[in-house]
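Based on the provided sequences and hints, a complete structural model is requested.
Which chain is which? The protein sequence lines are A and G, in order.
Under the numbering used here, think of the first position of the first sequence as 1257, with each following residue one higher.
Under the numbering used here, think of the first position of the second sequence as 5, with each following residue one higher.
You may find that some hints are simply not true.
Here are some of the chain G residues that sit facing chain A, going by a computed Cβ distance under 7 angstroms [what the hints assert, rightly or not]:
id	residue
1	Asp-116
2	Phe-274
3	Gly-278
4	Tyr-301
5	His-304
Hints listed in this document are in silico derivations from the structure and should not be mistaken for laboratory results.
For glycine and all other residues, C-beta sits at the position ideal for the given N, C-alpha and C.
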Amino acid sequence: MEQNPYIPITMKLIKNLCETEDKLVNTFTLAFLNKEDEENFKYMPGQFAELSAYGHGEAPFGIATSPTEPGIIKFSVAKVGCVSNALHLMEEGTMVGVRGPMGNYYPLEKFKGKNLVIIGGGFAFTTLRSMAVYMLDEKHRADYGDITVIYGARNPGLLLYKEELAEWETNPNINLITTIDKPAEGWNKHVGFIPTIVGEVAPSAVDTYAVVCGPPVMIKYTLPVLEKLGFTPEQIYTSLEMRMKCGLGICGRCNIGPKYVCKDGPVFSMAELKELPSEY
Amino acid sequence: MKISKEKFGQSFDALAAEYQVIAPVRDAGGVSYKAVKKFSEVKQDYLNSKLPPKSFFFPQHEKLLSYKKEGKDVTVKNELNVEKTILFGIRPCDAKGFLLLDKVFKNDQYRDPYYFERRDNTIVIGVACHKIAPTCFCSSLGLSPASSAGSDIFLIDLGDSYQIEAISDNGKFLMAGLEGLEELSTEEQTLVDTIKSAETTSKVDVSTITTKLDKMFDNPYWDTLHEKCLSCNACSFSCPTCHCFDISEEVLKNEGSRVRTWDGCMAPLFTLHGSGHNPRDQKKSRWRQRMLHKFNYFVHNNGDIACVGCGRCIKNCPVNLDIRQTIDGVNKAELVVD
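What follows is the structure, given as structure tokens:
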């Protein structure tokens, strides 16, 4: 029988971890219940899934794990609405529904042989983490040049994946730059907004792609900095958010012009976005 | 070929035992499509139904799945149940609407099983329009009051009989079981030709609208157009090609179902993000979306304009917004040069 894209698979919430000091972002670790489900859930960094909290509804979230991490998938989710609140309050061991993977992904084939500058702000770091982990995997690391991650949050307590960031600090395969908006006690790394820090770090645009995810205002002020460094719109990628329901390009709400963010995105190059109306 | 209404009625009544038969009937709201058992219940003389028959493939409210929670466990059940159906008395505009919806519910990556299970199990019997409403403008959209596109069997009412034509293989299959088919007389053939050559009196020009709209996203034309709109979505709900929907849950203690319901782009909440950001928070942008979707985005994605000229949005709009005037307005709008 034809697969019904509206029926989620059932997965078990094995860890519900509070990520941030403000207690607004949790990371959910979900385990596949059987091999078959896992094999049918073949995904790439940048894709998302519809996560169901039965009794509350479902909502789309970017997948924070990389396909190189078998057995589980993770989502880091801010508590903003009905579904995310229910998920935050959910006891470990509870069964949830997952539909996906959905959408396109970061063009990792195109990135091969190139340097990568990964720029993230706040809790928009989830699929960027997926991509970084994917590229750092020993099977893939040789495919890419230098990997620079510039990641910022308002204060140290709001950075996601703190243990992993600490590991990346000393990992010679990745150049991590973290920044916070204002000086804070015990913080000896960069201080300043992402656009400023990107300007200071000044990554070369030669043979390099930049991937930028974060709040709209961060993206707005980072793009001119990248442009000044010589990045063309074809060299800059981002991932968009939209209100979504079906995730299949049918329900009609996530369009930007003729493109549906759920099906044709969420990953777009700036060159692609320039062709679309500015309605996002 | 033709068939007398008496003979047709007998076959209709026999088929109603085997299929769920939906046909136009008179009710408090005007004319609606409803399940019938006898041909005598069918309303013969009507302009069109108040709401489009898209609901028989894409119900206004339908269960996608049901679930039951026990402790931390959950069992999920697919709620896709479909009956073999005949849709009788569908007007050409609505039959064309089905062909357009087919393009929405199946795209390059997905196929909607709820829609297509129904679609694949339904035979559409279209009937040509005898009367044409002042709000009808299908002739401007590649249709006519007697076009058979989207019907499996197409009928033209000749008084005591129907001219009958099988359009699809499903139609041929059903027609093969009909008894009492006769040849048309010369007079009847003349009548059929007259009906087939009829056109709507109201017309619009959509010949260049798609390419014009390519350049009109930022045009000041949209600035005032929307002002009297109440954002009520009557236009979307009564449109045979509007397909937007919401997915939500209906919950009772530990059991519930996931349902989809019609939604529409005129509602401000339609695009509201969890963060509070809303890409189409202005009525202006929602009106523009409606027009661009029908006459531009849909054409780019599916090669066809998503309007069939049925005129329901004109009839049902509480503030008399008229899509024909909007189309004229687009045609006349001056392009802004950067």
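Structure-based check of each hint:
| no. | hint | result |
| --- | --- | --- |
| 1 | Asp-116 | 6 angstroms, holds |
| 2 | Phe-274 | 5 angstroms, holds |
| 3 | Gly-278 | 4 angstroms, holds |
| 4 | Tyr-301 | 4 angstroms, holds |
| 5 | His-304 | 4 angstroms, holds |
Hint compliance for this structure: every hint is met.
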